[in-house]
Amino acid sequence: MRHNKLKILVSSYIDGEIGKHEREIVEEHLKRCSECKDFIANSKKIKTCIESIKGFELGNDFVLRVSDLIEKEERDEQKWKIVENIARNSFAIATVCLIFAFILFNYEDLSGTREIDKNSIVRKYISCETKKDSIAIKMFLSENGISKDELMLAIMTK
Amino acid sequence: MEDDLKLINAFKAGDKKAFEKIVKKYQNRVASLVYLVLGKNIDNEDIVQEVFLRVYHSLMRYEPKVSFYSWLYRIVINICIDEIRRKKIRKIITFDFLTDNIYGSIHGEESESPVDVILAKEKKDIIQSALQRISPSYRIVLILREYNDMDYKEIANVLNLSVEAVKSRIFRARQEMRKLLQKYFE
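Sequences listed follow chains X and V, in order.
For what it's worth, the numbering used here labels the leading residue of the first sequence as 1, then goes sequentially.
For what it's worth, the numbering used here labels the leading residue of the second sequence as 1001, then goes sequentially.
Some clues are possibly wrong.
Under the rule of at most 25 Å between Cα atoms (straight-line distance), these lysine-lysine pairs were calculated in the PhoX-like manner [claimed, not checked]:
(1) X:Lys47 with V:Lys1183
(2) X:Lys79 with V:Lys1016
(3) X:Lys7 with X:Lys45
(4) X:Lys47 with V:Lys1040
(5) V:Lys1179 with X:Lys45
Okay, the calculated bits of chain X under chain V, using three or more residues with CB under 8 Å as the criterion [what the hints assert, rightly or not]:
(6) 3-12
(7) 31-45
(8) 49-58
(9) 66-76
Just a sample of chain X residues kept apart from chain V, beta carbon distances all over 10 Å, derived [as the list claims (entries may be wrong)]:
(10) Ile25
(11) Ile82
(12) Asn85
(13) Asp133
(14) Ile135
(15) Ser147
(16) Ile155
What the hints contain is simulated information worked out from the structure, not anything from laboratory work.
By construction, the Cβ of each residue, glycine as well, lies at the ideal position given by its N, Cα and C atoms.
Okay, chain V solo, but in the shape it has when bound (with noise of 0.2 Å):
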């Protein structure tokens, strides 16, 4: 947090420099919320780019009330509800793990044979693709717990929610995943 409102602060007194260091240090964590929350798509990078264009803009107003990754945060999943709006995009189902992955990459262990390696990237397009068909606003929520790490309180900041909501909608988001993906856990 420090390290980030030091780089706020050079970035208002009129250092640039200091922006193009904030989007290194998050450009890979933004690209992967927006991957998680909505999928495989060919306009994501240029989500991305479109989460700093905006920060850049807002940030001589960033005030440290709250962290700035929480701020941060909070555009991206605002750009990204926008954007579900926009394409009404309620269920997608990826079964892509027969191609290649052009966005990303999957590390697979050295240790693992090509069998277990491609038995985990199944499992991880499923896991996707289960997150994909739930409500937008529980898988969000998931996403900023599970992936995030993110605590009720600070998702609750996130996205103007009350904790006690935070705490229905997680609650919510396994109860359908659990569903999506019963046959798995058999």
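One chain only, chain X, in its complex shape (with noise of 0.2 Å):
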């Protein structure tokens, strides 16, 4: 085995990560290897050392600031879905008011606009020069949706 995959499982083999068969193998090449067993050494003090250094001890009101920091992430929450469903429910008021007042507003042109469409649907299709068989006549009644009555009108009053 290579000498740089041996030092892996060096490294492994202090934390005893390995299985026995690598372990054998380990201990058989730390026999003859000097730079391995010094990096054992080194790695031994370094973990001595590491393990020594003192963590932090936050105090007994750490807790008290953190429940502080939620309570008010959910006082902003509830503020903001406020907010948000005045915007929501102003908004729906909003479209309506408007739909309704154009309603309103455009009522007796969009009553009477058909009325009118319909005329000068008609005019234009007495004008024109095309075929007008029953058949023409029956799909240009239905595609518009205009009555005979109203096509015999409009002929005769032509």
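Could you fit the two chains together into a complex? Lean on the hints.
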């Protein structure tokens, strides 16, 4: 096995993270290799030093500070929900008012437009030079939603 | 683990006091891990708060497929990595053994002389400085192994790596630490 691969095994050996067969290989290797022996010795010193680093001790009031932060977040979230609801409702109300206003101001046009449009459609059809047999007439009437009576009236008053 | 599960289930059922107990139980471990990964930093406490805020918002989704502390440490490491990227902390050398330690306290043995206490403090600061000089990805695995005493599988789980990758990184971390501390070992 190459020495570089063996070194990684040696490192895992320090942590007891190798199998029985690999352990035998490492132990055999350590009998001959001072570099790896030094590596183990130094790694153990580093481990001892890291373990001895005193960690942080936060005060008993830390949990209170976290709780306060959470409460503040929840209060802010509530406020935003209220604002969002007001905005959403206002938008819906404004949309309904706009539609209502549109209908109100354009009612006469809307109700009269259909008649005016129908008349102009019929006049165009009558004045047109294309073939007007019964089938063509039936298709024209059904496509445009015009009744036979309306067509007859238009022809007579032309 | 069972205690943690009881607290988590209580929290999920609506008991906010259960969350406070979780914070009390893990606050110092999280703070120590943040300190080791990021070094002495004025924002360390803010980072620990951010960890527990994230825990609070994610705890409803926690499932006991992994141990709670592995899940928690994953959050800590992710936030630390974000912080490292944000501040682009690559090499920090802290030689502040001459000033007061605001965030922690070094408790010397009562039988040790003042000189021994100072030397011990100096040694710890040198180790911490060396830790801050190695690559963050190596630093994190080494700390989880040597300080938190996690096995390779647990570390792989926390960092979402393969066990082989963990083995390789720990080896590289030890190599780099050895290079930095060579003169102290002679």
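Quick rundown of the hints versus the structure:
no., hint, result
1, X:Lys47 with V:Lys1183, "holds (17 Å)"
2, X:Lys79 with V:Lys1016, "holds (21 Å)"
3, X:Lys7 with X:Lys45, "holds (17 Å)"
4, X:Lys47 with V:Lys1040, "holds (20 Å)"
5, V:Lys1179 with X:Lys45, "holds (13 Å)"
6, 3-12, "holds (count 4)"
7, 31-45, "holds (count 4)"
8, 49-58, "holds (count 10)"
9, 66-76, "holds (count 5)"
10, Ile25, "holds (15 Å)"
11, Ile82, "holds (21 Å)"
12, Asn85, "holds (22 Å)"
13, Asp133, "holds (73 Å)"
14, Ile135, "holds (68 Å)"
15, Ser147, "holds (65 Å)"
16, Ile155, "holds (75 Å)"
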